[in-house]
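Asker: The primary structure of each chain is shown beneath.
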Amino acid sequence: KNEVEQSPQNLTAQEGEFITINCSYSVGISALHWLQQHPGGGIVSLFMLSSGKKKHGRLIATINIQEKHSSLHITASHPRDSAVYICAGTWVRETSGSRLTFGEGTQLTVNP
Amino acid sequence: DSGVTQTPKHLITATGQRVTLRCSPRSGDLSVYWYQQSLDQGLQFLIQYYNGEERAKGNILERFSAQQFPDLHSELNLSSLELGDSALYFCASSVDPDQPQHFGDGTRLSIL
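Protein sequences, first through last, are from chains A and B. Counted the way my numbering counts, the first sequence spans residues 1 to 112. Counted the way my numbering counts, the second sequence spans residues 1001 to 1112.
Because the hints were derived from the structure by calculation, they are not lab data. None of the values given here were measured: they were computed from a predicted structure. Even for Gly, the Cβ is constructed at its ideal location relative to N, Cα and C. Be careful, since some hints might not be right.
[Unchecked claim] Restraint-style ranges between C-beta atoms, simulated for each label pair:
1) R80(A) x S1079(B): 37 to 45 Å
2) L1112(B) x K53(A): 30 to 38 Å
3) E3(A) x R1063(B): 44 to 52 Å
4) V27(A) x G1028(B): 28 to 36 Å
5) V27(A) x P1008(B): 39 to 47 Å
6) G16(A) x S1079(B): 47 to 55 Å
7) G1052(B) x E15(A): 42 to 50 Å
Pulled out of the complex, with its shape left as it was, chain A reads as follows (with noise of 0.2 Å):
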């Protein structure tokens, strides 16, 4: 099992939808990232969070620590918002540094 679950991994939606995309993790991360890469491959860190609530313009990510789970919304999509969008989690360790794990990503397609 990994230990960042993604869903779902395509999506298509109409410009103007709400759109959630989820993520499920393991215990143990110390922070939840969101990533957006976009067809030429430049990935962009959106979120980075580790209780609550951020949000960034149509943007927001959410995440409930006790069930191990986080949400990212967008809100009026655009076409432009079009990619693929990455939920990682942070493990740190005193002696071992930290590392990202990534789920598997979930390709968005906004049709105009």
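Based on the hints, put chain B in the right spot on chain A.
Answerer: Chain B only, in chain A's frame:
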């Protein structure tokens, strides 16, 4: 622009060869991370350095090695290359392991 610079952007070489990928972190970032993204395995953590010292190791093959220099730039050396090493290699940096990571644009390595 993340501030993380990776060179070269593209690299084409043959099996059995050796290559060096270079990463300059964002100014002020002490942590450098290397990741591999292949079609069949997704994003995988390879290795982390903090202020010149190796801090964490992931799924890094013995044929691969890395180091972080006193000026904080890092190099990933890949030797005895195999077809399966074809992938996008990302470098990321952060101020410390508890802070968000900033990704470079990646080096696309193609083994012929």
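Asker: Compare the structure with each hint and give your call.
Answerer: Tested hints:
1. R80(A) x S1079(B): 37 to 45 Å: Given range 37 to 45 Å: holds, Cβ gap about 41 Å.
2. L1112(B) x K53(A): 30 to 38 Å: Violated: the Cβ-Cβ distance is about 48 Å, outside 30 to 38 Å.
3. E3(A) x R1063(B): 44 to 52 Å: Violated, since E3(A) and R1063(B) (Cβ atoms, about 25 Å apart) do not stay within the stated range.
4. V27(A) x G1028(B): 28 to 36 Å: At roughly 32 Å between Cβ atoms, G1028(B) and V27(A) fall inside 28 to 36 Å, so the hint holds.
5. V27(A) x P1008(B): 39 to 47 Å: Distance hint for V27(A), P1008(B) holds at roughly 40 Å.
6. G16(A) x S1079(B): 47 to 55 Å: Holds - the Cβ-Cβ distance for G16(A) and S1079(B), about 51 Å, lies within 47 to 55 Å.
7. G1052(B) x E15(A): 42 to 50 Å: holds (48 Å)
Hints 2, 3 from the earlier list are contradicted by this structure; the remaining hints agree with it.
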